[in-house]
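Letter by letter, the sequence shown follows residues 37 to 211 of the numbering used here.
Derived from the structure by calculation, the hints contain no laboratory data. Values in this document were obtained by computation on a predicted structure and should not be read as measured data. Be aware that one or more of the hints could be misleading.
[Unchecked claim] DSBU-like, lysine-lysine: derived pairs with alpha carbons at most 30 Å apart:
#: 1; residue 1: K177; residue 2: K195
#: 2; residue 1: K140; residue 2: K177
#: 3; residue 1: K96; residue 2: K156
#: 4; residue 1: K96; residue 2: K140
#: 5; residue 1: K177; residue 2: K192
#: 6; residue 1: K198; residue 2: K209
#: 7; residue 1: K206; residue 2: K176
#: 8; residue 1: K176; residue 2: K138
#: 9; residue 1: K140; residue 2: K209
#: 10; residue 1: K137; residue 2: K176
#: 11; residue 1: K140; residue 2: K206
#: 12; residue 1: K137; residue 2: K96
#: 13; residue 1: K156; residue 2: K177
#: 14; residue 1: K176; residue 2: K195
#: 15; residue 1: K138; residue 2: K60
#: 16; residue 1: K192; residue 2: K156
#: 17; residue 1: K176; residue 2: K140
#: 18; residue 1: K206; residue 2: K159
#: 19; residue 1: K60; residue 2: K96
#: 20; residue 1: K192; residue 2: K140
#: 21; residue 1: K198; residue 2: K137
#: 22; residue 1: K156; residue 2: K137
#: 23; residue 1: K198; residue 2: K177
#: 24; residue 1: K177; residue 2: K206
#: 25; residue 1: K137; residue 2: K195
#: 26; residue 1: K159; residue 2: K96
#: 27; residue 1: K159; residue 2: K138
#: 28; residue 1: K159; residue 2: K177
#: 29; residue 1: K159; residue 2: K192
#: 30; residue 1: K55; residue 2: K96
#: 31; residue 1: K176; residue 2: K198
#: 32; residue 1: K156; residue 2: K138
#: 33; residue 1: K177; residue 2: K137
#: 34; residue 1: K198; residue 2: K159
#: 35; residue 1: K209; residue 2: K159
#: 36; residue 1: K177; residue 2: K138
#: 37; residue 1: K156; residue 2: K176
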Amino acid sequence: MKQTIDLATFQELGDGYYKDYSNKYYFESMADGGEFRVVYNDLRTYTALDHQFFRGDDGKLYIQTEQLINPPENYGPRFYRQVPDIDVSTYQELNANSDYKKDKNCIYWEYGTTDGTFIKLVKADLETFQVIEFGLGKDKKHVFFHGEIVEGLNPKSVKTYKDYENFEAKRRKHK
37 MKQTIDLATF QELGDGYYKD YSNKYYFESM ADGGEFRVVY NDLRTYTALD HQFFRGDDGK
97 LYIQTEQLIN PPENYGPRFY RQVPDIDVST YQELNANSDY KKDKNCIYWE YGTTDGTFIK
157 LVKADLETFQ VIEFGLGKDK KHVFFHGEIV EGLNPKSVKT YKDYENFEAK RRKHK
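Go ahead and model the full structure; you've got the sequences and the hints to work with.
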């Protein structure tokens, strides 16, 4: 590592993380001794709100995720990624097999990749939104696929994923 560490401000953060006045570092233990590297220069501190969300000392909401290096064997150091300002106390899954979630204010689509995707569905109706299947959801006005509105598809005509597939096949045929 070609980085000068300031020993006067150097401290252990836990879980293999350390920091000094200008960087955060990660130590990965290996049979040959390990690797010590700068992971990022994010010097915020984070407080766990529950098993998923953290509040940064900047007041913003974050999730903890990992850098993808060489899946499925190797993931890099964990890091924090900012997410929309969710009401953590009311946040819940809408369906165990779905990436759609909600809190008291909004519907979200959370795709669990290592760097994560977190979309706030500002046009989704909280009261009528329902999960169909396979990333498909609807409310009284829109059909959503992976968090995006499917233009031209009537929510009343969609009961299964097959209905969505048929719509997409017709649309592709007419392009």
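How the hints compare with the structure:
Distance hint between K177 and K195 is fulfilled; the C-alpha atoms sit about 14 Å from each other, no more than 30 Å. Distance restraint check for K140 and K177: the Cα-Cα separation of roughly 19 Å lies within the 30 Å cut-off, and the hinted pair is therefore satisfied. Distance restraint check for K96 and K156: the Cα-Cα separation of roughly 16 Å lies within the 30 Å cut-off, and the hinted pair is therefore satisfied. Distance check on the hinted pair: K96 and K140 sit about 18 Å apart at the alpha-carbon level, within 30 Å; holds.
With a C-alpha separation of about 9 Å, the suggested pairing of K177 with K192 holds against the 30 Å cut-off. Between K198 and K209 the alpha-carbon distance is near 16 Å, which keeps this suggested pair within the 30 Å criterion. Taking the CA atoms of K206 and K176, the gap is near 23 Å; set against the 30 Å cutoff, the hint holds. At most 30 Å may separate the alpha-carbon atoms for a hinted pair to count; K176 and K138 meet this at roughly 16 Å.
About 40 Å separates the Cα atoms of K140 and K209, which puts this hinted pair outside 30 Å; it is violated. A hinted pair counts as satisfied when its Cα atoms are at most 30 Å apart, and K137 with K176 qualifies at roughly 17 Å. Taken as a hint, the K140 and K206 pair is broken in the structure, with Cα atoms around 37 Å apart against an allowance of 30 Å. Annotation: proposed proximity of K137 to K96 holds, straight-line Cα distance about 19 Å (limit 30 Å).
Between the alpha carbons of K156 and K177 the distance comes to roughly 17 Å, so the proposed pair stays at or under 30 Å and holds. Taking the CA atoms of K176 and K195, the gap is about 13 Å. The hint holds against a cut of 30 Å. For the hint linking K138 to K60, the alpha-carbon distance of about 33 Å lies beyond 30 Å, and the restraint is violated. Simply put, K192 and K156 have alpha-carbon atoms about 23 Å apart, close enough for the 30 Å limit, and the pair holds.
Among the hinted pairs, K176 with K140 is consistent with the structure: their alpha-carbon atoms are about 18 Å apart, no more than 30 Å. The straight-line distance between the Cα atoms of K206 and K159 is roughly 25 Å, inside the 30 Å bound, and the hint therefore holds. Restraint check for K60 and K96: satisfied, since their Cα atoms lie roughly 19 Å apart, inside the 30 Å limit. Note on K192 and K140: the hinted pairing holds, with a Cα-Cα distance of about 25 Å set against a maximum of 30 Å.
Proximity of K198 to K137 is assessed by CA-CA distance (about 22 Å); at most 30 Å being required, the pair is judged to hold. Note on K156 and K137: the hinted pairing holds, with a Cα-Cα distance of about 10 Å set against a maximum of 30 Å. Only pairs whose Cα atoms come within 30 Å are accepted, and K198 paired with K177 is accepted, the gap being roughly 19 Å. For the proposed pair K177 and K206, the alpha carbon gap of about 21 Å is at most 30 Å, so the pair holds.
For the proposed pair K137 and K195, the alpha carbon gap of about 19 Å is at most 30 Å, so the pair holds. Distance check on the hinted pair: K159 and K96 sit about 23 Å apart at the alpha-carbon level, within 30 Å; holds. The suggested pairing of K159 with K138 holds, with an alpha-carbon distance near 13 Å, which does not exceed 30 Å. Between K159 and K177 the alpha-carbon distance is near 9 Å, which keeps this suggested pair within the 30 Å criterion.
Taking the CA atoms of K159 and K192, the gap is about 17 Å. The hint holds against a cut of 30 Å. Between K55 and K96, the direct Cα distance comes to roughly 21 Å. Compliance with the 30 Å bound is thereby established for this hinted pair. A distance of roughly 19 Å separates the Cα atoms of K176 and K198; the hinted pair therefore holds under the 30 Å criterion. Proximity of K156 to K138 is assessed by CA-CA distance (about 9 Å); at most 30 Å being required, the pair is judged to hold.
Taking the CA atoms of K177 and K137, the gap is near 18 Å; set against the 30 Å cutoff, the hint holds. Proposed proximity of K198 and K159 is supported: the alpha carbons are some 24 Å apart, at most 30 Å. With a CA separation close to 28 Å, the supplied pair K209 and K159 stays within the 30 Å bound. Under the criterion of a C-alpha separation no larger than 30 Å, the hint pairing K177 with K138 is consistent with the structure, at around 18 Å.
For the suggested pair K156 and K176, the alpha carbons sit about 18 Å apart, so the restraint of at most 30 Å is met.
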